[in-house]
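Novice: Please put together the full structure from these sequences, using the hints given.
First to last, the sequence lines map onto chains A and B.
1 is the number of the first residue of the first sequence in this note's numbering; add one for each residue after it.
1 is the number of the first residue of the second sequence in this note's numbering; add one for each residue after it.
Careful, some of the hints might be misleading.
Said to hold, decoys possible - Just a few of them, taken from the derived set where beta-carbon distance is under 10 Å, the chain A residues facing chain B:
no.	residue
1	Trp242
2	Gly243
3	Glu244
4	Leu246
5	Pro462
6	Arg741
7	Glu747
8	Asp793
9	Phe796
10	Pro797
11	Gly800
12	Ile804
13	Ala902
14	Arg905
Said to hold, decoys possible - Far from chain B, some chain A residues (derived; all Cβ distances over 12 Å):
no.	residue
15	Leu460
16	Glu562
17	Ala614
18	Pro619
19	Arg641
20	Asp893
21	Ala1056
If you are wondering where the hints come from, they were derived from the structure by calculation, not from laboratory data.
In this text, all values refer to a predicted model and were calculated from it rather than measured experimentally.
C-beta: ideal position from N, C-alpha, C; glycine also.
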Amino acid sequence: MSRLPPSSTERIDRSRPLGFRWCGRALEGFEGDTVASALWGAGVRTFGRSFEYHRPRGLHDLEGEGSSQLVSIDGVPNQSAGTTPLREGMDVGAQNVRGDPRFDVFGLLDRLDRFMPAGFYYRLFHRPAWAARFFQERMRGLAGLGVLRPDVPDRGERAERYLNADVAVVGGGPAGMSAALEAGRLGLRVCLFERRPWLGGHLDWRVRDSRPLAGEVSALADELERMESMRVFRHAPVTGIWGENLLTGFQYRGAGGPTDGWTGSGTAEAFDETHWECRARAVVVATGSIERPLVFEHNDRPGVMQVDTAIRLARTYGVRPGTAAAFSVGDDLGLEAAVDLASLGVDVRMVADARHEGHDEALVAALVEAGIDFRPGWAATRVRGRSRVRRVELADRTTTGAGSGATVGSAGGGAGDSLRVACDLLVASAGRQPDIGVLSCAGARFRHGQRTRTFELERLPPDVFAAGGVLRLTDVEALTTSGRTAGLEAAAACGADVAEALARERARLADLPGPARGSSIVRGPVAGRRLAPGRKAFLDFDEDGTWKNAAQSAAYAFDVPELAKRFGNFGLGPGQYRVPGQNLAMAMAEIAGRPIGSFAATTVRPPVIPPSLATLAGPNHDIHKRTPLHDDQASRGAVFRRAGPWLRARYFSADRQCLEEIRNVRENVGLLDSSPLGKFRIWGPDALRALQRVYISDMTRARPGRCTYSAMCNDTGNIIDDGVVVRTGEDEFYFTTSSNRAGTTVEWLRFHTRYDGWDYNLVNLTDALASINVAGPNARRVLEKITDAELSDEAFPYLGCREIEVGDGVAARCLRLGFVGELSYELHLRASHARYVWDLLWEAGAEYGIRPFGLEAQNCLRAEKGHVIIGTESEQRVTLLDIGMGWLWDREDTASGKVGAAALRYCEGQSGRLKLVGLRVDDPAGDAGAGTARDPTHRPEDGALVVDGDRIAGFVCTTRHSETLGWQYGLALVEDRLAERGRSLDLYESLGRRTVRWTATVVPPHFHDPKGQRLRIAPEGRPRRPGKAPSPPAPAAHRRSPVRFDAAPARTERRAGWNVVLDYESDRAPADVMRRASLVDLSHRARWDVQNRDIGTLRPFGLDVPGTPGKVAVRDGLMINRMNGTQASVWHVGPGAAPAMPDGPHYTDTTDSHCWLALLGDSVPEVLESVTGLDLFDPARARPFLTQGPVLHVPCQIVTWRGDAVLLAFSRGYGQTFVEALLESGRHAGLRPAGERVFTDWSHALKS
Amino acid sequence: MTFRLTCPVCGKRDVYEFTYGGPERGPRPAEADPASGSQAAGGSDPAAGSDPAAAAEAHFRWAQFRMNRPEPQEEWWHHGAGCGVWFSTWRDPATNREAPPGGAEAGGHEASGRDSS
Ligand SMILES: [Zn+2]
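Specialist: Have a look at this one:
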């Protein structure tokens, strides 16, 4: 059997065998095995075939360092056998083979390597041109790793965690643990990340003088586990360090792997992985050392393995790495491993050490005592055996290549300067190198050290510290002391006063053994002439990069490591820097005949250790805004499309031309949900000046009760937005923007007035107010059924704006506009009332056959009217003047500093500019039109090119077939010389490989009702009843939350029009409720915005506004949050009815602006850690405090009330999708929806 | 690539929370007065005067020219995902770290541990 007798260091449970399949064969391993150790333990020697030459590859390393150990597991390719825990019933397969990996049919490619020199892929097969494609396809079939199978669905649960720490420690060996403890003892928040499933680093398996070294640090691990401020993440590799100490990584959570650090979901799929990010103030990197492979002929044969691989197979997994072994090593750990393996019963026949001197004398004595042939200054030169090691040739490095060579049999012995050893295991290593991957990502620099003969740390980035094996320390006390030193340095970087302790540890470290001395050997001595030197000596196993390839690269003048890396494909595979990295730099120096430290190691790029792409993709929540009318539109057959952050109804039938929707608006009446329209309130002494700055028109003309249409430009005169402005008070205005600009309007105004110090206030009401557009000749007849307001042309003319009441006294601002070219009223009203009013309109319009219409119908209607949509009929080259809207520009005003005015003035007289024109599309010309029946839906695509001779001279913005007009019309931007009326244009459209040519005639861009009579005077509709009938009493108004939980309400209460759920059927028992986490919707509770330049002098509701942003005060059932210099929010958190909003312009009711949630319970921090990187539980901050930042990428106001109570408010439109994503992300922490009672009980308990 | 910025209200935050407002370049130059028209009326300050060509030139320098020097520059940032404030800060585009004017040496330190040579 391949298993050794049980030992104290092993981590398998021999009482729990696990069955699995390997290439169809049934095998067995144990609980605690990795896939690799189980395979080797079951006698499997060939794990797969290499990337290019299809050479057999076995177990070289156990850290997932290269492609050799990649296997497919349950149909999922490229899984790391070395790090994946074995699981019962796993189906493991070899990669890049046809049939059994032992008898791969493409193995003969190995003989053809002379035809595949370095860079052949780039240099050959380029002429003739078809050859590149031909050979590429053929070679892709042969080369490569795993096969991605579309029929195998993605497996496992992907989660995300965002951590905040004072100190992050990378590596849980003796140095990392010591550093973490030192920082943790000072009360700092520490996160420690260990890539293996256990702590202890290499001490976990090392045995010295029959004494396991793990005992020396087990006390450290115990203390770590108990420490309050410490979080230990096992099986959690770090993939990189990014700007200012952002660590990224992932954690395996699959079966057999631990789930500590955070609560696992319990599904325990083998592919469960968590992506984590940790923002730390200081980082300690204690990644230890890794081995540098020794390069010699056939150094990739199954049976050649690293020192750590051999010793860990034996010590961690109880697997016999081989029966007869030879060693070719370069440091004392190699000698220690030889002694230990011999003590476990492996027949160690020879130990070659590349060093001539500097060996640990005690280890040499132990080797001699064990009767092992020890040869200083010797190294392996080649391996014999086709599919596994059968014999090893070793030689004296100083007298290379001369010898005949005696054969050392099982009896040992022999003389001369080269030897052959019969064995099935060659433990080979050139020595140790610091594991620089993570440090290199962080921006650390390295230089080659003369004494240590490895790359040493030269310079570290700010607040990053290194400890332990990465500094080439090996003495156990030196490792822990350097860890404590780094831990204190990190603490000092966090502001702790540790100067004294630091000086003490540094002094202690100075007296301990320093960095170990390694060997500078890269390649074993070259003996024999049969094989071209280095032809099968691999620097990079991943992509079959040989010594010879490196030499070829140098010959082609790619003679430095960073060039050879790319030309010869060294270190571009999964192993990246780990196997070839430092060797390549040393090899290139040797090939160039330069000193071995001449070149730096190639740059390491994240991910240092690759996670799966699915893990990087994460849960991928679809978070978007929905209007308050979303659900009803969905039930009426709406087809939704994303438009900016919103999901909007585009069509209401399968007819993508929307002919019925259009006809209904033109002839009858339609309803459009235009809620995403930007809506703003601006007030203050300088509000008008701010509007004058950003609007291109004279805004002093804005009057009460009247909509003033205007546009905004940018500094190059491009039109970027349009909308209407209504004066609502002495220094107060209401204005609208296009829905695309709603999110950036406040930012835009503040930016363009940033030097002026003006006093004005601005509130975004986009989400707070819904907008319903009633459009069509019968619009007035429908609207007058739900309001008593006077709607006649005289009382409420075109472009009027009235404050009206609809239904049961619901306030609405009504704007008479005409974007679609018909009589139309836009109702702006509280979002929570939107559904109530929408339902009233449906009922009122039923007798006229009212229908909804979507964005596509609106698009056709407005294009028929010649109204532009910014971004569709405008682009970066197009100014306000170019699209024929220059009449908006107040050209006399040079004092306001209007944004864009200077540019408009400059380009006013320019020729050669694009101009907006109307098109009348003629029948398709040329091949497409000839002889075919004309299909009215066949029209030039939006974006088709306008061609003049052999030049592109513009493009089509929009074309549609109009039922109203009976012909195809369009809007296009064309060069000015083509813009005259009656001009014929050639349009070209690419349909795959075919080009279709159309012709069109330039016409004025106003097709429908060019005089605008239909907007101004309501035409006769189709009256069903003469006169206006008295309205029946309206049903009681109700308000709706943006959130609907998927839970059954048990108890509800009617409160100020809201239907408040007090309890859900699923609510936990009161005694239990705080144990996990509950999500309560508080959107029905009142909230206000308070804004003023001198906010400190205001006392809203008789309360003092906290003096500094981020501070929160709670009094009399109100919570007041200071947001910034001029703004605060007030939330009604208390029992009873909310107070009335105080009078005065400083206050805005924002109850409808936000979705407001409470998260309550002990696992709330765990929930929030899954959805935001914000540091919401910083122990240094006095609670309650306000944080403003993104949660699930949605900007939020978050109040950390206590450790188990967090309130958050965010734009109302996100409500439903945000809540769904939050519940999904928080499920692992027991997050559940709950009724308002959970919140009121909690806040009541707070008081008593 | 990622870096952090110090919002005067919220403190250090991830750059993804901010939008960039470009380097500091002063207020928008005054527009030429189209009514006066003559070059003489410009006075000593060509940008503020009424010489249309000079005013246009000043405007384009201000609107379009960016020096892109690899040294600390004053920049405008908007904390859109946070407190909603515009602020200016000094940052070195060569290192992406906030840095004082004049280009003080970016942080970093010699690796500690034993001298090994
Ligand atoms: Zn901020």
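Novice: List in ascending order the numbers of the hints, as given earlier, that are violated by the structure.
Specialist: 6, 8, 9, 10, 11, 12, 15, 20
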